[in-house]
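Protein chains: 2
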Amino acid sequence: MKACGLIVEYNPFHNGHVYHLESSKKKTNADCVVAVMSGNFLQRGEPAILDKWHRAEAALQTGVDLVVELPYVFAVQHADLFAKGAILTLDALQVDTVCFGSEQGDITPFHNAYSHFKQNEGNFTYQLQIGLKEGLSFPEASRRAYEQINLTTNELNLSQPNNILGFSYVKSIFDLKTSLKPETIQRTKSQYHDEEIENQIASATSIRREIISSKNLSEKAKSAIPLSTYHAFLTYLEKTSVLHHWEHYFTLLQHTVWTLDLETLRTIHGMEEGLEYRLKKTVNHAESFQHWMELLKTKRYTWTRLQRMFVHLLTMTTKLEMESIHMLKSIPYIRILGMNEKGRQYINERKKNLDIPLVSKLQQFDHPYLTIEERANHSYYLAVEAKKRARVKNRDIEAPIILN
Amino acid sequence: MKACGLIVEYNPFHNGHVYHLESSKKKTNADCVVAVMSGNFLQRGEPAILDKWHRAEAALQTGVDLVVELPYVFAVQHADLFAKGAILTLDALQVDTVCFGSEQGDITPFHNAYSHFKQNEGNFTYQLQIGLKEGLSFPEASRRAYEQINLTTNELNLSQPNNILGFSYVKSIFDLKTSLKPETIQRTKSQYHDEEIENQIASATSIRREIISSKNLSEKAKSAIPLSTYHAFLTYLEKTSVLHHWEHYFTLLQHTVWTLDLETLRTIHGMEEGLEYRLKKTVNHAESFQHWMELLKTKRYTWTRLQRMFVHLLTMTTKLEMESIHMLKSIPYIRILGMNEKGRQYINERKKNLDIPLVSKLQQFDHPYLTIEERANHSYYLAVEAKKRARVKNRDIEAPIILN
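Protein sequences, first through last, are from chains A and B. Going left to right, the first sequence walks through residues 14 to 417 as our numbering numbers them. Going left to right, the second sequence walks through residues 14 to 417 as our numbering numbers them.
Bear in mind the hints are in silico, worked out from the structure with no lab data behind them. Hints are not guaranteed to be accurate.
One copy or two, it doesn't matter: identical chains are merged, so the pair holds either way.
In silico BS3-like links for lysine-lysine, alpha-carbon gap of 30 Å or less [what the hints assert, rightly or not]:
#: 1; residue 1: Lys332; residue 2: Lys190
#: 2; residue 1: Lys332; residue 2: Lys233
#: 3; residue 1: Lys228; residue 2: Lys355
#: 4; residue 1: Lys355; residue 2: Lys233
#: 5; residue 1: Lys364; residue 2: Lys374
#: 6; residue 1: Lys332; residue 2: Lys312
#: 7; residue 1: Lys228; residue 2: Lys252
#: 8; residue 1: Lys294; residue 2: Lys332
#: 9; residue 1: Lys293; residue 2: Lys332
#: 10; residue 1: Lys40; residue 2: Lys364
#: 11; residue 1: Lys228; residue 2: Lys401
#: 12; residue 1: Lys401; residue 2: Lys293
Model the full assembly from the supplied sequences, consistent with the hints where possible.
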């Protein structure tokens with residue numbers, strides 16, 4: 014079976030994702046689609062609107078054949094580490110191609126850009142360091158460094174978000190010496206960060222905003238998501254009465270900042286350059302999570318970076334726990350969230366060449382990353398009222414979703 | 014001016030306290046009544062229903078002349094340490110007598126009991142250790158040790174709660190070689206733990222229960238409290254919409270237990286004999302604070318002891334931070350919560366002989382106990398919605414209440 018790998022967050026799974034899925038399948042001529050998906054916390058440092066089980070199920074019902082979880086330690090990270098975790102996972106699962114959406118839409122410029130990048134990597138790294146020292150944020154410093162080595166004016170513009178992400182995948186594929194073949198499809202016109210739903214292909218941001226602000230699955234929201242996602246929302250709401258967003262975790266974060274000392278705060282991943290002092294200074298004045306973010310934000314501390322730090326603070330994930338991911342040359346295990354019959358066949362076919370554990374039940378395997386995963390889940394589900402919590406939370410210790 | 018000292022919690026200040034106040038004044042022939050009161054967390058390990066400022070104000074308006082705060086490190090402790098902190102405070106303030114309510118009502122048996130106790134202290138300590146080793150709770154082991162040295166059958170029955178508390182005061186007064194004179198008045202018939210309001214002198218427990226369960230200041234509740242307390246409730250509710258109880262802190266505690274490791278949990282004061290394992294084991298099943306307590310409670314872990322541990326966990330107060338109080342021979346500072354004109358005169362009169370700082374504004378003084386106090390306040394006010402919080406919380410950095 015020929016498999017195409019997708020790197021996704023599905024927050025939530027929407028029509029743009031359906032398009033990505035179908036186009037990728039066609040472009041790569043794949044029999045089977047494997048998605049590696051963030052869990053309950055996302056790359057940009059946010060709790061997912063629905064938990065990973067309900068997001069995975071919606072994707073499986075609309076054509077993805079196998080969904081595996083990108084470990085927290087890779088998911089809540091900047092683009093390069095996020096890409097590393099995802100590529101290592103797809104490589105371990107022996108998919109043939111990795112197909113991502115980009116503004117560019119053609120893979121050749123990515124290949125050329127990679128060659129050019131490798132020839133200028135020394136200069137790039139140097140320029141990046143200068144930018145960071147000047148106080149630029151990581152994305153801004155990267156953008157400027159790419160510009161310095163002529164990767165924003167050439168055939169591939171690395172100042173566009175999905176080109177950057179795609180280029181991270183390509184870099185990982187080659188730097189990690191995998192046998193994966195990168196492929197890309199052009200994204201439809203809806204922009205990554207669009208705030209309002211304009212047509213049937215809308216950004217995840219606009220869909221979440223519409224649903225959370227209208228407190229309802231309006232016709233507008235329904236028009237932008239497949240039926241399986243609509244059902245996932247209804248089911249999740251019926252079970253928990255909650256759609257997760259940052260404000261649910263505000264009091265927990267205040268408590269943490271107030272009761273932990275500076276030394277302990279400093280052990281948290283993402284707590285850099287005296288951010289712990291800023292947290293202590295601002296916590297008294299914040300009237301909401303949004304307000305706190307506004308008080309904290311500076312040119313150097315970008316929104317995304319602050320949010321990621323808050324996820325790690327909420328889950329108490331330390332720098333020490335994160336250290337090992339830089340050294341990793343392969344993913345230590347694969348956690349299956351769900352599959353259909355084709356996905357199951359694919360797994361059976363590739364299992365014999367798989368030299369790492371396939372975790373389908375948490376109790377069967379022990380790993381420091383799973384300890385972090387457990388804390389992340391505990392924290393995530395605190396947004397759900399205690400009496401309703403067990404029903405969704407216990408899903409995590411059960412077997413994967415099997416679709417017939 | 015002759016001053017009488019009272020040791021109180023006023024949770025809330027009720028008619029029984031008014032009776033205690035007036036009778037004590039009469040019995041000791043005092044010009045001025047000084048109360049040392051627990052702050053926002055109480056001896057039995059509970060958040061106070063109203064914050065310390067509103068409780069202090071109610072007491073001042075109904076006849077107490079000066080209210081000072083018993084530091085958290087002494088307040089949320091078993092009877093002996095609670096007594097030590099309160100007696101050291103009243104001794105530093107140079108009051109003449111300390112008058113407590115007891116089932117007994119006559120001070121002579123307390124004197125006799127103290128003499129008898131000192132003669133048998135070795136045996137008492139030995140019996141206490143045996144009881145504790147057998148797995149009895151501290152109160153139960155104490156009760157049995159008192160019984161062994163004949164202090165429960167004699168003229169003073171040390172198995173009754175207010176006699177025990179009173180005896181702790183007497184012990185502290187003499188053991189700490191203060192010049193305070195102990196005095197007692199008989200408690201009226203309402204029992205310490207009565208759960209329902211039966212008459213105008215009702216237990217604080219029954220009053221809190223009535224108010225919290227009826228979500229209202231019912232006529233029944235009003236009949237058991239002075240007008241000043243009624244107004245304190247109205248004012249506090251108007252500002253915060255909250256009357257504090259443990260369920261407000263349930264999610265914060267779950268988060269703490271889920272995200273901290275066993276080693277960190279073990280540093281918390283009151284985390285003894287593997288309680289951290291029990292917490293980790295039960296946290297998943299608890300549907301409310303009450304439910305969690307029921308899951309945790311055993312013969313050895315009494316309700317009060319568990320609640321105190323939860324207060325320290327909520328405020329992240331460690332064993333290390335508490336260590337120094339055992340060595341203390343005097344109180345390190347006095348925090349004034351409020352006074353009327355007579356209280357102010359009294360303070361002025363005694364100030365010249367006072368060799369420790371009188372803290373009326375927090376910014377003027379720095380002490381490790383005040384750092385703990387600050388954390389305790391932060392945690393306490395988390396029950397109040399963020400937007401309303403500053404209004405009550407900032408009271409803590411302002412000047413004391415001055416009543417004219």
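Verification of the supplied hints:
no. : hint            : result
1   : Lys332 / Lys190 : within (27 Å within a copy, 52 Å between copies)
2   : Lys332 / Lys233 : neither (42 Å within a copy, 56 Å between copies)
3   : Lys228 / Lys355 : neither (37 Å within a copy, 57 Å between copies)
4   : Lys355 / Lys233 : neither (33 Å within a copy, 69 Å between copies)
5   : Lys364 / Lys374 : within (16 Å within a copy, 69 Å between copies)
6   : Lys332 / Lys312 : within (23 Å within a copy, 41 Å between copies)
7   : Lys228 / Lys252 : both (16 Å within a copy, 28 Å between copies)
8   : Lys294 / Lys332 : both (22 Å within a copy, 27 Å between copies)
9   : Lys293 / Lys332 : both (19 Å within a copy, 23 Å between copies)
10  : Lys40 / Lys364  : within (26 Å within a copy, 87 Å between copies)
11  : Lys228 / Lys401 : both (19 Å within a copy, 24 Å between copies)
12  : Lys401 / Lys293 : between (33 Å within a copy, 19 Å between copies)
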